[in-house]
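Novice: Protein sequences, first through last, are from chains A and B.
Per UniProt numbering, residue 1 is the first one in the first sequence, and the count goes up by one each step.
Per UniProt numbering, residue 1 is the first one in the second sequence, and the count goes up by one each step.
Derived by calculation from the structure, the hints in this document are not laboratory data.
Be aware that one or more of the hints could be misleading.
To be verified - In silico BS3-like pairs for lysine-lysine, Cα to Cα no more than 25 Å straight-line:
#: 1; chain 1: A; residue 1: 52; chain 2: B; residue 2: 193
#: 2; chain 1: B; residue 1: 381; chain 2: A; residue 2: 202
#: 3; chain 1: A; residue 1: 206; chain 2: B; residue 2: 381
#: 4; chain 1: B; residue 1: 318; chain 2: A; residue 2: 204
#: 5; chain 1: A; residue 1: 240; chain 2: B; residue 2: 172
#: 6; chain 1: A; residue 1: 205; chain 2: B; residue 2: 370
#: 7; chain 1: A; residue 1: 176; chain 2: A; residue 2: 163
#: 8; chain 1: A; residue 1: 86; chain 2: A; residue 2: 202
#: 9; chain 1: A; residue 1: 68; chain 2: B; residue 2: 193
#: 10; chain 1: A; residue 1: 205; chain 2: B; residue 2: 381
#: 11; chain 1: B; residue 1: 370; chain 2: A; residue 2: 206
#: 12; chain 1: B; residue 1: 370; chain 2: A; residue 2: 202
#: 13; chain 1: A; residue 1: 207; chain 2: B; residue 2: 193
#: 14; chain 1: A; residue 1: 204; chain 2: B; residue 2: 381
#: 15; chain 1: B; residue 1: 172; chain 2: A; residue 2: 204
#: 16; chain 1: A; residue 1: 240; chain 2: B; residue 2: 193
#: 17; chain 1: B; residue 1: 172; chain 2: A; residue 2: 52
#: 18; chain 1: A; residue 1: 68; chain 2: B; residue 2: 370
#: 19; chain 1: A; residue 1: 240; chain 2: B; residue 2: 381
To be verified - Computed beta-carbon distance windows for the label pairs:
#: 20; chain 1: A; residue 1: 205; chain 2: B; residue 2: 363; range: 22 to 32 Å
#: 21; chain 1: A; residue 1: 125; chain 2: B; residue 2: 322; range: 29 to 39 Å
#: 22; chain 1: B; residue 1: 535; chain 2: A; residue 2: 250; range: 52 to 62 Å
#: 23; chain 1: B; residue 1: 94; chain 2: A; residue 2: 234; range: 27 to 37 Å
#: 24; chain 1: A; residue 1: 257; chain 2: B; residue 2: 468; range: 54 to 64 Å
#: 25; chain 1: B; residue 1: 71; chain 2: A; residue 2: 191; range: 45 to 55 Å
#: 26; chain 1: A; residue 1: 244; chain 2: B; residue 2: 536; range: 33 to 43 Å
#: 27; chain 1: A; residue 1: 247; chain 2: B; residue 2: 480; range: 52 to 62 Å
#: 28; chain 1: A; residue 1: 213; chain 2: B; residue 2: 261; range: 56 to 66 Å
#: 29; chain 1: A; residue 1: 234; chain 2: B; residue 2: 363; range: 56 to 66 Å
#: 30; chain 1: B; residue 1: 536; chain 2: A; residue 2: 188; range: 37 to 47 Å
#: 31; chain 1: B; residue 1: 173; chain 2: A; residue 2: 249; range: 27 to 37 Å
#: 32; chain 1: B; residue 1: 307; chain 2: A; residue 2: 191; range: 32 to 42 Å
Using N, Cα and C, we set each Cβ at its ideal position, and we do this for glycine too.
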Amino acid sequence: MWPIFDYGRFVSIISSSDVYGVVWMRSLAQLHKMANLRVLVGVKRVIDYAVKIRVKPDNSGVVTDGVKHSMNPFCEIAMEEAVRLKEKKLAKEIIAVSCGPAQAQETIRTALAMGADRGIHVEVTGKSIDGDNNQTGQMTAALLDWPQATFASEVTKENDHLKVVREIDGGLETVKVTLPAVITADLRLNEPRYATLPNIMKAKKKKIAKHKAADFGVDLTPTLEVVGVEDPPVRQAGQKVESTEELVAKLKDSGVV
Amino acid sequence: MAMRRSHVIRYALEQYKSYRVPNAAQSLPSWYTKGTNGSLDSWSRCVHGSVALTQKKAGRVPLSSERFPQLKRGDFARVTDGDLQVFERLVPSRVLTEPGDIEGHNVDWSGTCRGAGQVLLRPKTTEEVSAILRYCNGRRLAAVPQGGNTGLVGGSVPVFDEVIISMSLMDKIISLDEISGVLVCQAGCVVDKINEALEPHGLMTPHILGSKGSCQIGGNISTNAGGLRMLRYGNLHGNVLGVEAVLANGDVLDCLSTLKKDNTGYDLKQLFIGSEGSLGVVTAASVLCPRIPGAVSVALLGCDSFAQVLQTYDAAKKMLQEILSAVEFMDRASMEVVQENLQLTCPLGAHRYYLLVETSGSNAAHDEEKLNSLLGHVMEKAMVDDGTVATEPSKVQSLWALRENVAVALRADGCVYKYDVTVPMSRFYDLVTDTRERVGSDATRVVGYGHLGESDIHLNVTCPQHSEDVFDALEPWVYDWVAKCKGSVSAEHGMGILKRDYLYHSNTGPAVLLMKQLKERMDPRGILNPYKIFPD
Numbered sequence: 001m002w003p004i005f006d007y008g009r010f011v012s013i014i015s016s017s018d019v020y021g022v023v024w025m026r027s028l029a030q031l032h033k034m035a036n037l038r039v040l041v042g043v044k045r046v047i048d049y050a051v052k053i054r055v056k057p058d059n060s061g062v063v064t065d066g067v068k069h070s071m072n073p074f075c076e077i078a079m080e081e082a083v084r085l086k087e088k089k090l091a092k093e094i095i096a097v098s099c100g101p102a103q104a105q106e107t108i109r110t111a112l113a114m115g116a117d118r119g120i121h122v123e124v125t126g127k128s129i130d131g132d133n134n135q136t137g138q139m140t141a142a143l144l145d146w147p148q149a150t151f152a153s154e155v156t157k158e159n160d161h162l163k164v165v166r167e168i169d170g171g172l173e174t175v176k177v178t179l180p181a182v183i184t185a186d187l188r189l190n191e192p193r194y195a196t197l198p199n200i201m202k203a204k205k206k207k208i209a210k211h212k213a214a215d216f217g218v219d220l221t222p223t224l225e226v227v228g229v230e231d232p233p234v235r236q237a238g239q240k241v242e243s244t245e246e247l248v249a250k251l252k253d254s255g256v257v
Numbered sequence: 001m002a003m004r005r006s007h008v009i010r011y012a013l014e015q016y017k018s019y020r021v022p023n024a025a026q027s028l029p030s031w032y033t034k035g036t037n038g039s040l041d042s043w044s045r046c047v048h049g050s051v052a053l054t055q056k057k058a059g060r061v062p063l064s065s066e067r068f069p070q071l072k073r074g075d076f077a078r079v080t081d082g083d084l085q086v087f088e089r090l091v092p093s094r095v096l097t098e099p100g101d102i103e104g105h106n107v108d109w110s111g112t113c114r115g116a117g118q119v120l121l122r123p124k125t126t127e128e129v130s131a132i133l134r135y136c137n138g139r140r141l142a143a144v145p146q147g148g149n150t151g152l153v154g155g156s157v158p159v160f161d162e163v164i165i166s167m168s169l170m171d172k173i174i175s176l177d178e179i180s181g182v183l184v185c186q187a188g189c190v191v192d193k194i195n196e197a198l199e200p201h202g203l204m205t206p207h208i209l210g211s212k213g214s215c216q217i218g219g220n221i222s223t224n225a226g227g228l229r230m231l232r233y234g235n236l237h238g239n240v241l242g243v244e245a246v247l248a249n250g251d252v253l254d255c256l257s258t259l260k261k262d263n264t265g266y267d268l269k270q271l272f273i274g275s276e277g278s279l280g281v282v283t284a285a286s287v288l289c290p291r292i293p294g295a296v297s298v299a300l301l302g303c304d305s306f307a308q309v310l311q312t313y314d315a316a317k318k319m320l321q322e323i324l325s326a327v328e329f330m331d332r333a334s335m336e337v338v339q340e341n342l343q344l345t346c347p348l349g350a351h352r353y354y355l356l357v358e359t360s361g362s363n364a365a366h367d368e369e370k371l372n373s374l375l376g377h378v379m380e381k382a383m384v385d386d387g388t389v390a391t392e393p394s395k396v397q398s399l400w401a402l403r404e405n406v407a408v409a410l411r412a413d414g415c416v417y418k419y420d421v422t423v424p425m426s427r428f429y430d431l432v433t434d435t436r437e438r439v440g441s442d443a444t445r446v447v448g449y450g451h452l453g454e455s456d457i458h459l460n461v462t463c464p465q466h467s468e469d470v471f472d473a474l475e476p477w478v479y480d481w482v483a484k485c486k487g488s489v490s491a492e493h494g495m496g497i498l499k500r501d502y503l504y505h506s507n508t509g510p511a512v513l514l515m516k517q518l519k520e521r522m523d524p525r526g527i528l529n530p531y532k533i534f535p536d
């Protein structure tokens with residue numbers, strides 16, 4: 001559950017739950033043009049994707065202790081998009097937010113090094129891993145009652161709305177969303193930049209505000225219980241055959257043909 | 001959905017990261033795919049893939065016997081049907097004679113040396129190797145032991161019709177002692193596979209190199225392979241505790257100790273480390289394996305003068321000390337070649353030189369603090385113009401990929417002349433600048449990259465196809481240059497056949513004489529990997 005910040009009117013680009021980067025943008029449309037958006041990017045600390053995942057012996061979850069974590073690659077993509085908006089002078093300020101344990105601050109620091117101006121850390125204790133739930137963006141849009149454009153592979157500003165090209169199973173879909181809105185990032189939205197040293201140094205001086213979930217009156221009691229986690233079944237070894245005839249014979253033997 | 005979404009994401013990310021690496025056939029220029037004498041006509045090797053070359057490719061490479069016409073075939077017997085029958089008895093159903101099966105084993109990885117071997121044997125045990133060699137020695141048949149065939153000096157393929165003894169089926173891990181970290185395994189174990197097996201125990205091989213997906217430990221030992229973490233873990237002379245080898249006459253020499261300390265007589269295993277299969281065939285080894293570091297960080301730094309590079313290296317040694325595990329160097333040309341030929345992304349802009357600094361330790365916080373103070377220091381003192389740092393495994397791998405794939409990327413240019421030399425650190429890059437001046441626009445590219453920590457530079461010159469002009473401009477000039485500053489003409493690649501003429505550039509007469517005497521004593525009939533290492 002993401003706590004709701006009351007900043008008045010919002011333009012939001014939110015990435016879905018634990019998979020996509022989350023970005024909210026604040027619109028000061030009453031006083032300024034669209035060019036002065038403030039962007040809030042959700043960044044989540046997840047197990048690094050190059051790490052081999054191991055299931056705990058008691059099947060209660062995956063091993064997270066001592067395992068390398070990093071920013072969710074989709075959050076990096078969302079961050080990159082926010083930074084590009086700022087570079088195009090469409091956004092004024094980028095704020096990175098993360099709900100997680102104390103180490104989530106490292107993830108926020110990475111976001112700061114990529115170009116965020118300041119960070120917000122909401123301390124949420126207890127285990128948290130990438131659940132691949134694809135819910136955060138959609139749920140936030142529903143709670144805020146804002147339109148949503150998910151799986152964005154291209155975001156362009158047009159007058160007072162955003163044109164978003166979405167990746168769907170059948171191909172690409174282009175939608176128009178008025179602001180405020182929720183957008184979730186997909187793989188081909190952009191290629192995130194590496195944080196370079198000067199920016200890493202600057203990031204050390206940027207502020208990260210710390211909060212607890214209780215500060216917002218949010219109840220974190222889980223309503224979902226993980227009953228078990230298992231490895232996928234081991235892939236069976238194949239068999240090599242010497243000739244087409246042998247292949248046909250084996251296929252017939254196994255009843256496949 | 002059959003696959004879990006997280007698997008789809010991970011798969012998609014891998015594809016995303018790699019989909020920018022094009023299918024070679026689609027993006028290579030036409031002159032490359034047409035292929036002429038000496039050039040490569042297809043990209044049959046992916047980064048971590050197998051070493052097998054297509055027959056078509058193999059067919060385009062000139063035979064070594066033609067390329068080196070002054071080479072005379074030694075006084076060896078030729079393989080007869082009777083020999084084949086005996087081989088079949090010694091290694092049943094593992095005797096290959098079909099040209100299609102053997103071609104890939106007749107050509108080396110760089111596609112410059114092609115032999116005319118007619119027989120490939122695939123033993124599974126030390127006893128089989130012993131029987132093969134006893135027979136070959138008796139019959140006076142020359143033999144080439146072959147591991148992953150990733151060598152870069154033509155040392156792993158026949159020159160004429162030598163019998164190829166492939167160690168690939170000897171890939172068993174014999175034992176692992178977790179407490180002492182000593183691994184005992186057969187010589188045909190692929191380094192990547194060894195690391196996979198060691199990983200659950202928190203151990204890794206002491207050496208790692210770009211060809212880890214294909215190279216075998218026996219070959220690494222036989223060539224005293226250096227690699228990317230030698231700065232920290234030392235070389236194989238120190239990390240190999242024991243070797244089991246079969247001598248030319250078939251005798252099995254069991255020096256397979258697992259002891260870290262054993263000063264009882266002459267250290268015979270050292271004879272087989274780096275002697276390129278000429279004194280015996282390594283069949284098993286015991287290796288001291290270090291612990292996988294709990295925290296690895298990589299910093300990629302951009303410098304615009306070589307003086308800055310040396311200053312940074314010095315600062316890294318002083319401020320990182322025991323956690324420093326690698327210092328690798330790349331010049332702008334080598335960064336360009338991975339960007340152009342493999343579409344990899346460089347996180348930094350264009351700089352004249354790049355340094356990849358790796359730290360390995362047991363405590364991430366401790367290492368980060370040291371690394372951050374180093375980075376702050378080098379930025380402040382303007383030793384470095386730009387840089388990036390990574391601690392996440394995925395990013396660490398991406399940064400390493402830039403350095404590890406230079407050799408692979410260079411191959412796409414066509415013909416590559418490779419030089420791997422140790423020079424004084426103050427003159428580390430001078431060889432590259434001088435070479436660039438010397439070959440001028442005749443070459444596509446002149447690149448220099450390598451292990452700054454050991455002052456080992458890999459000079460590579462590429463051309464679309466073999467060019468006599470460029471080749472004559474390079475050899476023996478490069479080797480003379482190195483000899484003049486008392487360097488090594490082959491830092492880690494070995495001599496093989498390609499560098500044998502320059503043995504005296506880095507060794508005195510009496511030294512080479514003693515080497516020859518040792519060879520004659522251990523292999524009187526000269527059947528083991530002939531024509532290599534020594535000039536005529």
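Novice: Hints first: check each against the structure and report whether it holds.
Specialist: Quick rundown of the hints versus the structure:
1. A/52 to B/193: Distance of about 15 Å is within 25 Å: holds.
2. B/381 to A/202: Given that 25 Å is the threshold and the Cα spacing comes to 17 Å, the pair holds.
3. A/206 to B/381: The given pair, whose Cα atoms are some 23 Å apart, holds under the 25 Å limit.
4. B/318 to A/204: Holds - the C-alpha atoms of residue 204 of chain A and residue 318 of chain B are around 24 Å apart, at most 25 Å.
5. A/240 to B/172: The hint holds at about 21 Å.
6. A/205 to B/370: Answer holds: residue 205 of chain A to residue 370 of chain B is near 19 Å, not above 25 Å.
7. A/176 to A/163: With Cα atoms ~5 Å apart, residue 176 of chain A and residue 163 of chain A stay inside 25 Å; holds.
8. A/86 to A/202: 17 Å, holds
9. A/68 to B/193: 22 Å, holds
10. A/205 to B/381: 20 Å, holds
11. B/370 to A/206: Holds, because 21 Å separates the two Cα atoms, which is no more than 25 Å.
12. B/370 to A/202: 18 Å, holds
13. A/207 to B/193: Distance of about 46 Å is beyond 25 Å: violated.
14. A/204 to B/381: 19 Å, holds
15. B/172 to A/204: Given pair residue 172 of chain B, residue 204 of chain A is violated - Cα atoms ~50 Å apart, limit 25 Å.
16. A/240 to B/193: Given pair residue 240 of chain A, residue 193 of chain B holds - Cα atoms ~21 Å apart, limit 25 Å.
17. B/172 to A/52: 24 Å, holds
18. A/68 to B/370: Given pair residue 68 of chain A, residue 370 of chain B holds - Cα atoms ~19 Å apart, limit 25 Å.
19. A/240 to B/381: Violated - the C-alpha atoms of residue 381 of chain B and residue 240 of chain A are around 61 Å apart, more than 25 Å.
20. A/205 to B/363: 22 to 32 Å: 25 Å, holds
21. A/125 to B/322: 29 to 39 Å: Check passed, 35 Å falls within 29 to 39 Å.
22. B/535 to A/250: 52 to 62 Å: Hint holds: Cβ distance 55 Å, inside 52 to 62 Å.
23. B/94 to A/234: 27 to 37 Å: 29 Å, holds
24. A/257 to B/468: 54 to 64 Å: Hint holds: Cβ distance 58 Å, inside 54 to 64 Å.
25. B/71 to A/191: 45 to 55 Å: 51 Å, holds
26. A/244 to B/536: 33 to 43 Å: 51 Å, violated
27. A/247 to B/480: 52 to 62 Å: 59 Å Cβ-Cβ, so the 52 to 62 Å window holds.
28. A/213 to B/261: 56 to 66 Å: 58 Å, holds
29. A/234 to B/363: 56 to 66 Å: 35 Å, violated
30. B/536 to A/188: 37 to 47 Å: Since the Cβ atoms of residue 536 of chain B and residue 188 of chain A sit about 59 Å apart, the hinted range of 37 to 47 Å is violated.
31. B/173 to A/249: 27 to 37 Å: 35 Å, holds
32. B/307 to A/191: 32 to 42 Å: 34 Å, holds
Consistency with the previously given hints fails for numbers 13, 15, 19, 26, 29 and 30, ordered from lowest to highest.
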